[in-house]
Structures are given as C-alpha cells and as structure tokens.
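Protein chains: 2
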Amino acid sequence: METPTAAEELPLVLTLFPFPSIPKIKQEFSKKFTTILADNSIPLHQFLSTNSQSQSVRILISYPKTPINYEILNCLPSLGCVLTISTGTDHIDLVECSRRGIAVCSAGSLYADDVADFAVGLLIDVLRKISAADRFVRAGLWPVKGEYPLGYKLGGKRVGILGLGSIGWEVAKRVEAFGCIIAYNSRNKKPSVPFPYYSNVIDLASNSDVLIVCCELNEETFHIVSKDVMAELGTNGIVINVGRGALVDEKELVRCLVQREIGGAGLDVFESEPNVPKELLELDNVVLSQHIGGITSESSAAIHELILANVDAFFSGKPLLSLVKNY
Amino acid sequence: METPTAAEELPLVLTLFPFPSIPKIKQEFSKKFTTILADNSIPLHQFLSTNSQSQSVRILISYPKTPINYEILNCLPSLGCVLTISTGTDHIDLVECSRRGIAVCSAGSLYADDVADFAVGLLIDVLRKISAADRFVRAGLWPVKGEYPLGYKLGGKRVGILGLGSIGWEVAKRVEAFGCIIAYNSRNKKPSVPFPYYSNVIDLASNSDVLIVCCELNEETFHIVSKDVMAELGTNGIVINVGRGALVDEKELVRCLVQREIGGAGLDVFESEPNVPKELLELDNVVLSQHIGGITSESSAAIHELILANVDAFFSGKPLLSLVKNY
Chain R
4 METPTAAEEL PLVLTLFPFP SIPKIKQEFS KKFTTILADN SIPLHQFLST
54 NSQSQSVRIL ISYPKTPINY EILNCLPSLG CVLTISTGTD HIDLVECSRR
104 GIAVCSAGSL YADDVADFAV GLLIDVLRKI SAADRFVRAG LWPVKGEYPL
154 GYKLGGKRVG ILGLGSIGWE VAKRVEAFGC IIAYNSRNKK PSVPFPYYSN
204 VIDLASNSDV LIVCCELNEE TFHIVSKDVM AELGTNGIVI NVGRGALVDE
254 KELVRCLVQR EIGGAGLDVF ESEPNVPKEL LELDNVVLSQ HIGGITSESS
304 AAIHELILAN VDAFFSGKPL LSLVKNY
Chain V
4 METPTAAEEL PLVLTLFPFP SIPKIKQEFS KKFTTILADN SIPLHQFLST
54 NSQSQSVRIL ISYPKTPINY EILNCLPSLG CVLTISTGTD HIDLVECSRR
104 GIAVCSAGSL YADDVADFAV GLLIDVLRKI SAADRFVRAG LWPVKGEYPL
154 GYKLGGKRVG ILGLGSIGWE VAKRVEAFGC IIAYNSRNKK PSVPFPYYSN
204 VIDLASNSDV LIVCCELNEE TFHIVSKDVM AELGTNGIVI NVGRGALVDE
254 KELVRCLVQR EIGGAGLDVF ESEPNVPKEL LELDNVVLSQ HIGGITSESS
304 AAIHELILAN VDAFFSGKPL LSLVKNY
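Quick note, the sequences are listed as chains R and V, same order. Quick note, the first sequence lines up with residues 4 to 330 if you use the numbering used here. Quick note, the second sequence lines up with residues 4 to 330 if you use the numbering used here.
Calculated from the structure, these hints are not laboratory results. Computed from a predicted model, the values in this text were never measured in an experiment. Every clue listed holds true.
The list that follows gives simulated cross-link-like pairs (lysine-lysine, DSS-like), each with its CA atoms no further than 30 Å apart:
id, chain 1, residue 1, chain 2, residue 2
1, V, Lys328, V, Lys176
2, R, Lys29, V, Lys148
3, V, Lys68, V, Lys29
4, V, Lys148, R, Lys281
5, R, Lys156, V, Lys176
Just chain R, same shape as in the assembly (with noise of 0.2 Å):
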C-alpha cells in the first residue's frame, strides 16, 4: 500500500534559478517545502502553462533575468509572495502584486556593502589602471615598454553619487576617507547628511570629476546618466555604475569613451547583460565586470538566510522581512 509521500503536502515554492545552493541551507528547504525549478530553456509563461503544480504554487523565488509581469502572474493564481534576491525591483511589476495582494520582498540593503566597495574598487582601478597595468605586466611588456600613462590620485577628486540610498551612503563614508570631496542627487535632500545636494544631475555632473551611478531604475531614472550629463562631466570625467545598465544612455556612453569625450568607466551592469557593447572591449580606459558588485560568498550566505527566514514567515503568517514598500 503506498502512502502519499510527505513531498506532496509541503507548500510548493517556485524558484526560476537554482536554489537553494548552500547545502545546509538546501537540506533545511527541502525538508520544510516542495520546490519547483523553472525549465529556462522554455519562457517561463510556457513553462508555467504547461505544468499543472503552476496552480498551487504559493511563492516565487525570482531574479533580475526574468520580468514577473501581469501575464506570469496570471499563470500562478496561489501565489502569495514574490521573492527577490536582488535589491532591485524593476523587473517585478509591483503594481499588478499590490493588486492582486501578493507581497513582494526584496533584498533590502543586504548587498549594499558589497556593492559599495565594489563601486570604490571600480573607481580606484579606473583612476590608478590597475586592471590595464595587470594586463601591461601580464602581455610581458613592462621590461621592454618603458612608457606607462600616468593615472590620477583620489584624494582631492569630486565625487558625485547618483542615489543616496543604503548603498549611496555607503560609497560616500568609504571615498570621504580618500579624500573625496562627496556631493549627490536624489529624488529628495536628505535632512541629515552633510553633503551638498543637487536637485539637477546636470548640475552635479558640471560639479565632479566622476559619476557613482546606484540609484534606482525606475521610469524616472531611466537613462538618467544622458549625453548631457557626460558632456558635463567633461574629458576627464568617470562614471561608475553599479545600478543598473539603463541608467545610463549606454550608446552615448560608448560613444563618449570611443571619441574621449569622457576619461573613463568602470562598469558592473549594461542595458544587455551578458551583452557588453564591443567597442567597450578594446579600450584601456574601462573596467568591466559581469554584474558581481553585490555578490561574495558572505552575501551568499546571507541571501539565502534571508530568503529561508522569508518563507518560514510566510508559512507560518508571521511579518515578512525586507518587505517592499513604496507601492
């Protein structure tokens, strides 16, 4: 006689990656609840139609890659709450969740650590071409090229931070003790920080000698790094962006490098992951690297508890954690 298998009550969650990946913490998931991986090689509104446990699925363990928009949702009419590992949210409408009641946690600032320090890593090795001398000493060409172009000091150098969010502030107290001279842009002033603010990118751009670039995308961020701004910003000027790809014209930005109307970037996110524009390949005034500024094996770790603490909450209806709220 077979009984049916403990397997079958558990909730049924649904993670479009794989997840967990820590063993302990896979061990603690798979005792407590059913999960289901998305098939990536299908989009997820096919994969989801034709899979019958669509219907019962209760949460949603998402990521930037794939949008959670009206159409997915529709295929998944138990769900109760979306989870992001990301800090951002834009690829989840939020509007259509609040609608339908589904809550929606993100990350919170449990990256923005990382991310700062990968922000200030980047800048550093655009100023002083760290990663151009590892490829200088790398080709062999230190003993027979005598000539190396001089990078630039940090200190004295006037930062402007595009959002002064959790990671905004934590670039800020990190390049203060450089030296920097910190000014930022945000939707409001904030009361209580001691840096000049400007209401205008513009106008903060015509007033630093490099651009941190880690606000939020949202409708009125898109695109908010423009011509304009890197006109501003001027032939020696930097940005970094650990925001996301669109927030800045990338096309222009390209452009910008490619002629030397700006003096360099250092660059985490693109408008087309994994796609980097080519031209950005070839130059010695750019540092690239494949959205990692939040990852390390500490927010690993942490993300996953994150996320297990979320769907024990859910589960047994206790406050969610990192909840996300402006909508």
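Starting from the known structure of chain R, arrange chain V on it as the hints suggest.
Then chain V, alone, in the frame of chain R:
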C-alpha cells in the same frame, strides 16, 4: 671672440633618468642649472669615470633602479647632495654618504596617499576579483560561461599592516572605512595608535586574513614575509605588497600561490624588477602591476616641485626639505 656660455657657469646636476619631464619645471631648471643625463646603456660607474664633468657634479638626482654605492660616490668628488624621487632609500649607501658629508633627500611621505590608495585598490581587486572579471568579460565569456568564482567581502576582514609609517597609516584610515579590523607590526609600538600591535610578524599573520606590506626595506625587514609567515596566514590569506619586492620571499610566495597555500596576492613590487615570476602570469588569484603604486599625474607634479625646491635650497645654502635623518 667667444664668450663663455652661461651654461658652463651654472652648477652641475647629474640625473640618472630624464628629469625634469614637466615642461614648466624643465624650463626653470635649465635657466638655473646644467643637467647631465647619465647614459643608461653603459654601467653608471663607466659613464662617470669617462666623463670629465663627473668631477664637478654637485647634486645627483637618483631613483631606485641604480644603486648609489661607494664606487659611484668615488667618481663624484664634488657631490654635496643625493636626491631620490623615491620614498625608500635602500638603493643609497647612507652610511657612506654620511661619512663623506653628502646630504640625502628622499620623497618623504609625498607618495603616501597614492601608495595607500593603490594598496586598497589591489586589496579590493584581489578579494572581489575585479581584474579577473575584466578579463572574463573582455574574453567574451559572460554570455557563454555561467559560473564565476565568488569573491569575498571586505567588511570584517582582519587586515595586518606591516609598517605603520605614513603609508601604513593612510592604508589603515582607508580600510577602516570598509569595516576591516586593523592590527599592525612595526619596529616599535606607536603610543598614540588605537590598533593592536604585534611585535612578531608570525603572530600578526596568524591573526590576520590579509597582510599589507608597506614597511621600509632594510636588513631587518628583508624577506619579512617569510615561508613561516605565509603558512600562518593560511589558505585564504592575502598578501598585498606595495613596499619593496624583497620584503617578501618571492620564491616562497610563488610556490604558495601556485599550490594554493595562500589565497591570493596583489603585487606592485617584485624582487627583480622588471622581471615578474612567469608562474604568476597565469594565476587568476593575483593582481600584478609594474611598481606604479606612488605614480600619479599629481604625485609626478609634486615630486618635480620638491626636487626643484631642494636643488634651489642646496645651492642657496638654505635648509633642505625631506632630508633623510635616520643615519
């Protein structure tokens, strides 16, 4: 009738490399001094012993590539002052200079900020794998290769600083802003410094995740980062060297890196520059640069000003700036 040219009457300055390289300073220099540039295609000793002007050289502008020893000093009987563009003076026989009444001036702490910035840049780069990521993206691997090894968070890392002079102190200020935990080793405990002091480098290493090497190179500090120190640092430990190559036992370092007995290294200096051990060129857990830690557009301008000021002071009998005192 020929009149003696003004140049013949100007005081003689010997420089071992093209100096000044900044047009404004070059112009001022040539008005006041006659500069002889050593021929680097032959040994300095040979150049000096076959050049009659050697007898009249009053000032020598040097750099770390060329040792200024007994033999060289013998060829320069009128020498009154050795200037070096470096902070370190390990290439100059200070005892012999002292015996002959020759003043020695270094760059003092002129490069401290830039070297500290670079050290922190190397540290972030090694922990967060920035140069390796840049290589990954430039090689077009992002769209095709999903997996990338996780980097590590700066916050909470125990950073041991070897040498808490002007550079070490600036490093401490910077890494503190990232949430690192600082300890140090130096000749003596510094009474006014809040960080734990270790009189023994082995003990410092066993209590550190990262060693940042920025002490002076002398007989006591040669290979201060020894095999035993690296063993204490352990398999996740990181070595950052922005001091001098010979502060680290390079052969052991290479072995430890290749055999993964330490976690990684950021190296701006090497034992036999410009030669970099070829095993390092293939490793993804190292970041390499060509002794540019102190070199920026800004520090280059500053060292030009300092050297001009010292040469002026010497010939007008005024006190020298950045005189090396400890001998």
